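Taking mature numbering (1 follows the signal peptide of the UniProt record, and there is no 0), I'd label the letters of the sequence shown as residues -26 to -1, 1 to 281.
Everything labelled a hint here was simulated from the structure, so no lab data went into it. Any given hint could be a false lead.
As the list claims (entries may be wrong) - Once the Cα atoms are required to be at most 27 Å apart in a straight line, the calculated DSSO-like pairs of lysine-lysine come out as:
(1) 211 to 180
(2) 106 to 53
(3) 53 to 89
(4) 221 to 180
Please read all numbers here as calculations on a predicted model, not as lab measurements.
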Amino acid sequence: MRIRVTVAAVSGALALSAFAMPAAHAAGGPSFGADATKLFAAAHSTSGKTAYTAATAADDGPYAMDVTFSNLKIAKAVKVGTTAHVATSVTYTLTHGADVDITAADFFSGAFIYKGSYTDQTNFLIGDDPAKCAVTSATTASCKANIDIYPGYGDLFNSDAGLWHAGALAIAYNGQDPTSSGFDITKVGFADQGALGSTQVQRLSKLTVNAAPEPVRKGKTLTVTGSLTRANWEDNKYHGYAGQSVKLQFRKKGTSTYTNVKGITTSSTGTLKTTTRATVDGYYRFSFAGTSTTPAVNATGDYVDVK
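With the hints as extra help, turn the sequences into a complete structure.
Below, the structure is given as structure tokens:
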């Protein structure tokens, strides 16, 4: 399981002690993301902060750098299954003061997403690796980063599905080694901003269909069955999505467009069953429009030969 941050509950001293051991991400090995998460918690050990500034910096935390962020862009939705690693790209502009050397070997920036409000987060996710930033002027850079999500390692609870907000941060280690017992957090520069964008983190959905009998005589009844399931991030399996509106659709052989036949609602276990009259050769499928927590999905069409 990766690190889960509860900002208001972490004291500066406790967060500082977390640096005593080398950080490691889910795949094993040193990780920018793990150390940045700990530093974020140390910087925000006092609740009520929406950005880390000189006015809010703590005596036992990093010092506030003159760095701000803007123009953040992230996908409208991030679809996450049960076990596979998901990486979503984020771009943003980093603006800094003349006293900040963003070309230093130990200066890093990255993007993150969080569930809940910025001062009361229920989950926080960041990339394994720092952003790649290209200098665009004496005080600005264009940055591109990934947010890495590992559902198989406990990154998400089912309650995390829905709206997340995005932000960015920057760290100047200034020669300090976070894996060293002599690490001095007060010599590390830090800056961050939240509420720069938003995305929907969704439980990946699957939809099946089967029309029978095949072939069928013209004018006879077809029975169409299927199921709508979605990822469960707590047991890493797919379960039926109950009580959801789904459309039965038909596409005539030789055409490219599906049309609605009728609406149907999934059962308590996510199954689907309905009937329709066979008229011509073609493909039947179920179509789900999606919700804020679960993406839209279409079943692969099932071809029926009408005699």
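How the hints compare with the structure:
1. With a C-alpha separation of about 12 Å, the suggested pairing of residue 211 with residue 180 holds against the 27 Å cut-off.
2. Of the supplied pair hints, the one linking residue 106 and residue 53 holds, its CA atoms being roughly 24 Å apart against a limit of 27 Å.
3. Proximity of residue 53 to residue 89 is assessed by CA-CA distance (about 15 Å); at most 27 Å being required, the pair is judged to hold.
4. About 14 Å separates the Cα atoms of residue 221 and residue 180, which keeps this hinted pair within 27 Å; it holds.
The structure meets every hint from the earlier list without exception.
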